[in-house]
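Residue numbers (the working numbering), protein chains in the order written: chain A, 1 to 122; chain B, 1 to 615.
Read the hints as simulated data drawn from the structure, not as lab findings.
Mixed in with the good hints, there may be bad ones.
In the BS3-like style, the derived pairs of lysine-lysine whose C-alpha atoms are separated by at most 27 Å in a straight line are [claimed, not checked]:
hint: 1; chain 1: A; residue 1: Lys5; chain 2: B; residue 2: Lys281
hint: 2; chain 1: B; residue 1: Lys197; chain 2: B; residue 2: Lys281
hint: 3; chain 1: A; residue 1: Lys110; chain 2: B; residue 2: Lys484
hint: 4; chain 1: B; residue 1: Lys338; chain 2: A; residue 2: Lys110
hint: 5; chain 1: B; residue 1: Lys281; chain 2: A; residue 2: Lys110
hint: 6; chain 1: B; residue 1: Lys425; chain 2: A; residue 2: Lys110
So, partial list: chain B residues that the calculated Cβ filter (under 7 Å) puts toward chain A [claimed, not checked]:
hint: 7; residue: Gln418
hint: 8; residue: Ser419
hint: 9; residue: Ser445
These figures come from a predicted structure and were not determined experimentally.
All C-beta atoms, glycine included, are put in the ideal place defined by N, C-alpha and C.
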Amino acid sequence: MNKIKTILIVDDEQGYRDLLHRALSEQGYTVLVAAGGPEALDILKRDEVDIIITDMKMPKMDGLDVVIASRQLRPDIPIILMTGYAVEERVQEALARKASICLQKPFQMKELETALQSFLIT
Amino acid sequence: MFFARHLDIVFLIYGLAFVIMGIAIFTQPRRESVFRLGHILWLLGAFGLTHGANEWLDMLTIIKGRNSSIDLIRWFCLVISFVFLFEFSRRIFRITTQPINNWKSSIASYLSWRLTPALAGIILIGGLAATDFWQTGSALARYFLAFPSGILIASGFRAYYCQERSVMESLRMKSNFIIAGVSFLVYGFLAGLVAPKGNFFPANWLNTDLFIQLTGIPVQVFRAGCAVAVAWSITRILTIFNWEITDKIQHALEMNERITQGINESIMLLTLDFRILWANKALINSTHLSQKEILGNFCYRVTHHMDQPCQLPHNACPVTEMIRAGKTIKVIHTHYDKEGKEFYAEVAAYPVYDKQGAITQFVHISRDVTNKMKTEIELNQTREQLMQSEKMAAVGQLAAGVAHEINNPLGIILGFAQSAAKRIKEDDPLALPLKSIEREAVRCSYLVRNLLVFSRARKNEGQEPLDVNTTVNSALSMIEAQTKTRNVELVRELGDGLSRISANNNQLQQVIVNLANNAIDAMTEGGTLTVKTLLSGTRPGYVEIMVRDTGKGIPKEIQKKIFEPFFTTKEVGKGTGLGLSLVYEIVGNHRGTIELESEEGKGAEFTIFLPVHRG
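Use the sequences and the hints to build the structure in full.
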């Protein structure tokens, strides 16, 4: 993959949406935010999204559901998971479906940057 | 003729026989006898003494000549003796008569107690009414008292023997009873029917003169013969009371033996100054001393191997306590057994009072409760462990709950703080605050991450067979950098060919990292950190992971508390106190144990035992 232009953030927590929007916008990315799975899928259908960063624990549709649904629309889209625990079942399963990377909350911004960088190398 | 000349000797023997019988009866202890005969024998004894006196007075008359005062006494002795004899015969006949309808019981019904005084009255009146008071009186006494007595006694003895046959047979009393019965019967005739010559029937015909005419021998000789036979057989019969006494003693001893020697409890009889008067078999067996060494010895020397009585606060002495407080207490003492090993005994002391109510001795009872104590101690330990692990679980849950809640807010704070700090210029007054916020937020994030890792641990997720050394090595790689900067030498002694264990890699790493971090912190001036893995020799089926440091060590008082949640020796802000408690919990979830060996100033050694993976 050449370049990431547009990032989709999926997190039910307003704070995280603001943080990631601001932090990533400052780095020059176009950032779209969704408060949950359904909203995220709408955006996915509508816009050109290069990478999805999604929280795992969300009501109704959790991270795994987002991964599955997103893969149906965009089978190869890279997905970064954010989670409080890495060993949990659903996280493992999501990773198995090639969700690519798991970020352990609370993470530092440079960890996110490293994660984003890793996709450019692939 | 021979006899007539030596009548005084005859009377001597006659009197002697009865007197001896009387004395024998009265000197024989008969109290509390179960033999009914024992209660009425005194009458026979009284007869023996009084009639013996009578015959000796006869003897005196022959030697010294007639004397009216002697005659008077003689007459009284005669009548009184026959009254006693009759009363004895009446009673023995009655007591041996069963309450069934036969000829015996009908006779017995006439023999009420009133009969004896009635007959005595008749004799008195009859005698007074007669011309010859002495003659008639004594004849009446013979006819109405002595003669029936012989028959009644003979019948009574026979019946008595039959009723007590089993005992009497074992004591071989049969011949004695026969001789006694027959002798009394004959005596009844000879003394009861053959009276001195008188002018009333039957004494006008059947009298002593007739007897001499027929046999040539005075009737007194035969009477004396009967007396000797009676005395001989009665004194032999008296031995049943001796037998009874020894039998009772025997029985009591056997009972004592059975009771005191058959039980497991140790019993000692102590004097007021703690000397042992008596000890049962259980006590003797429970010490390494012989019976001789125990008797007379001090109780505290025998059971406690001490030179003075037990004292508080170690062992309360139940004897002392009884004297002081007046009540019996039960205390647990440590006694020494045959091999000198300690065991627990529950001891109590019971007072023995004399007739005035003062305490003279103590009965000291002790029971081996070692098993019970051991079980109790184990139970207490298990209970404590359970409580501890419950506490841990509760704290773990609390920590996890807090961590989860804090997680997101913290991440947001951290993110914004870093973002802002990145954009601020160094000379901006906001630079310090923002940098500080960033730094502390980073610190918090490490804490929360650790907690979150541990919090998943309790659900026992993600355990798999893994190689201990690999995990240890990856854990150590995380702290290797630290050891270099803090002047700590890292020594790995990882065993070869260790069996795999079933564990969660992440958690195990965290445990080792935590222990290693603690070790490094303890070695403020630097030192050596040794990490060792091996197959346990002391506990088969387990792998040992040992983390040793050369730091300042952990004092003994703290060692027990070190695994408690929130217990920390670090200054405020430098440690959460949660690390070791969570280490403890992880080890527990892996079905293992963790042990600590440490001395202040001599470093610390933590050893984790984890079960080998099966299957």
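Hint status (Cβ of Ser419(B) to nearest Cβ of chain A, threshold 7 Å)
Check passed: Cβ of Ser419(B) comes within 5 Å of chain A, closer than 7 Å.
Agreement of hint Gln418(B) with chain A interface, Cβ distance less than 7 Å:
holds, 5 Å
Any CB of chain A closer than 7 Å to the CB of Ser445(B)?
holds, 4 Å
Hinted pair Lys110(A) and Lys484(B), Cα distance within 27 Å:
With a Cα-Cα distance of about 26 Å, the restraint between Lys110(A) and Lys484(B) holds, given a limit of 27 Å.
Verify the proposed pairing of Lys197(B) with Lys281(B), using a straight-line Cα cut of 27 Å.
Between Lys197(B) and Lys281(B) the Cα gap is close to 75 Å, so the pair fails against 27 Å, i.e. violated.
Taking 27 Å as the top limit, are the C-alpha atoms of Lys425(B) and Lys110(A) close enough?
Since the Cα atoms of Lys425(B) and Lys110(A) sit roughly 19 Å apart, the hinted pair holds (cutoff 27 Å).
Could you grab the alpha-carbon distance between Lys281(B) and Lys110(A) and see if it respects the 27 Å cut-off?
violated, 85 Å
Distance restraint between Lys5(A) and Lys281(B), which requires alpha-carbon spacing of 27 Å or less:
Violated. Lys5(A) to Lys281(B) sits at ~98 Å, over the 27 Å cutoff.
27 Å Cα cutoff - pair Lys338(B), Lys110(A):
violated, 75 Å
Checked against the numbered hints above, the structure breaks hints 1, 2, 4 and 5 and satisfies the rest.
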